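Fit chain B to the given chain A structure using the hints.
There are 2 protein chains.
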Amino acid sequence: MMPPNMNSSLPTVGLIGLGAMGGGMAASLRRAGFTPHVFDVRAEVAQAFAAEGGHACPDLPSLGAACDVVISVVVNADQTQAVLFGPDGQSGCAAHMKPGSVFVMCSTVDPKVSVDFERRLNALGLHYLDAPISGGAAKAAAGQITMMTSGTDAAYAACAGALEAMAAKVYKLGKQAGAGSKVKIINQLLAGVHIAAAAEAMALGLREGVDPHDLYEVITHSAGNSWMFENRMAHVLAGDYTPLSAVDIFVKDLGLVLDTARSSKFPLPLSSTAHQMFMQASTAGFAREDDSAVIKIFPGIELPPASR
Amino acid sequence: MMPPNMNSSLPTVGLIGLGAMGGGMAASLRRAGFTPHVFDVRAEVAQAFAAEGGHACPDLPSLGAACDVVISVVVNADQTQAVLFGPDGQSGCAAHMKPGSVFVMCSTVDPKVSVDFERRLNALGLHYLDAPISGGAAKAAAGQITMMTSGTDAAYAACAGALEAMAAKVYKLGKQAGAGSKVKIINQLLAGVHIAAAAEAMALGLREGVDPHDLYEVITHSAGNSWMFENRMAHVLAGDYTPLSAVDIFVKDLGLVLDTARSSKFPLPLSSTAHQMFMQASTAGFAREDDSAVIKIFPGIELPPASR
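If you read the protein sequences in the order shown, they are chains A and B. The letter at position 77 of the first sequence is residue 77 when you use our numbering, and the numbering goes up by one with no holes. The letter at position 257 of the second sequence is residue 1257 when you use our numbering, and the numbering goes up by one with no holes.
Since the hints were derived computationally from the structure, they do not count as laboratory data.
Cross-link-like lysine-lysine pairs, in silico, DSS-like; alpha carbons within 25 Å at most: (1) A:Lys265 x B:Lys1296; (2) B:Lys1265 x A:Lys296; (3) B:Lys1252 x B:Lys1139; (4) A:Lys265 x A:Lys112; (5) B:Lys1296 x B:Lys1252; (6) A:Lys175 x A:Lys112.
Covered stretches of chain B (in silico footprint by chain A; criterion: 3 or more residues with CB under 8 Å from a CB of chain A, positions within the stretch not fixed): (7) 1187-1195; (8) 1205-1213; (9) 1217-1231; (10) 1270-1283.
Partial list, derived from the structure: chain B residues whose beta carbon lies under 10 Å from chain A: (11) Tyr1171; (12) Gly1174; (13) Thr1260; (14) Pro1299.
Values in this document were obtained by computation on a predicted structure and should not be read as measured data. Glycine is no exception: its CB is placed at the ideal position from the N, C-alpha and C atoms.
Excised from the complex, chain A in its bound form (with noise of 0.2 Å):
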């Protein structure tokens, strides 16, 4: 398909958040013949966006007004409640949106809280998708995101191939808020569980004298193996421990899980095992370490050391 750069059908996209994520989506926006507004607080990441096609809007007001989609990909929901409304209610980009257009809610965050987005704002006749995002910087970077989406009809409709623009696959979900933020928690619940428990048995193995390689080779190709295995012990293996996913958005995200759950009292004896492990981690000294290195909380083990 040739990119039409100026093809009248397109819808004014923006993006919020130019990190590690939102770079490559903004950049897969690009590529699909999009013009991305993009804004992200350090102006000049913004600007050296913008010097290979976009624009980078100098605030989060003139991004709003100037867009019929707006993605934001930030951290959290506290950085999401500040790009919409910003301190005063004013100075975010929901105030300065266009009537019709959608905001693309991309974080992980409590379900409770993507629905009381959505509530304020219809509330000022705007359309709004609860859209979190899986699958790594590489992947953002190729257009091949996974998006898990709920939303009404019309703010799919408004939403006009941005989307499929980003991500591999766009699962719907539902027809309203939420339901998108709970499969991406309980996605959460089972990747944290997994790290945890492939550092746990990883460390058994060294406590054993059983060569980590053999058993990394065993367990990729048996019954025990889970996708963060496979991923995260290759980084132990490695003793490389360069965050790709930090510690810390593990002690985050394993406590999303246990807040959604807590409000209903249901238990999860295995996510609060791992949310320890990991504050465990953290608070010694591994926040902001690749998640893999939880795996330093275990006494008298040696762990491999660094390939280089």
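Then chain B, alone, in the frame of chain A:
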């Protein structure tokens, strides 16, 4: 390859325990040209097997005396002990095996127990292979199991093609008994934690009103996936708790994991939590249901009904 039914270069192979795994493994040996000597406490099962080829042995001593390779596929360490030695040291197979023959131990046992079996058999002039298996009944029938093995070069040499007739993959993990059992134990750690985590995640989804089929579809295509989530949550969606592997198997296997770690005072927070969940399920009445029935410990949810 033509089955060389009377190939005099093939050793005489015996197999003890014609259950879901052992029955398929014996059939795979027969298909590969061996003439299996079989024993099962249910004599009629051994006779039914031999009716299509092979020999049904009336007792363990006669099987031991006849065979070059004895493969034991019983439930646990106690049964393996009984198969080898009987209550009196004479009524098992070990006292009757030929010097230089090999005993292949396929059960999931405490690695220290496997080390002890090796020591005792070596003292009798017999070889020993630590060879726990994984893969389930369908792979056993197809000759496609995985074996996690360790032992001396002489022990491997004595097996003379029998392992390859049963297994798609024979992992060789060391020169001494114990290494195979350690890796198998660690696989069970992950398998057990992953089943319990899958149940916890699916239970939270049901509590939150997420469509369980949607949740399954998303998770099995996301970073939260595990081999066990994909396999066992299909049983939950179908409402089918027919035991392919029962809750009490993981009460046993996670118990072995914890025993192994306790002897070196090594903490396993997730394994111990998952073990408690399987024990709760067992004593609540689901001991003999499929291990995915661990989801029944969660209160306040309605599980999918049986599909039929």
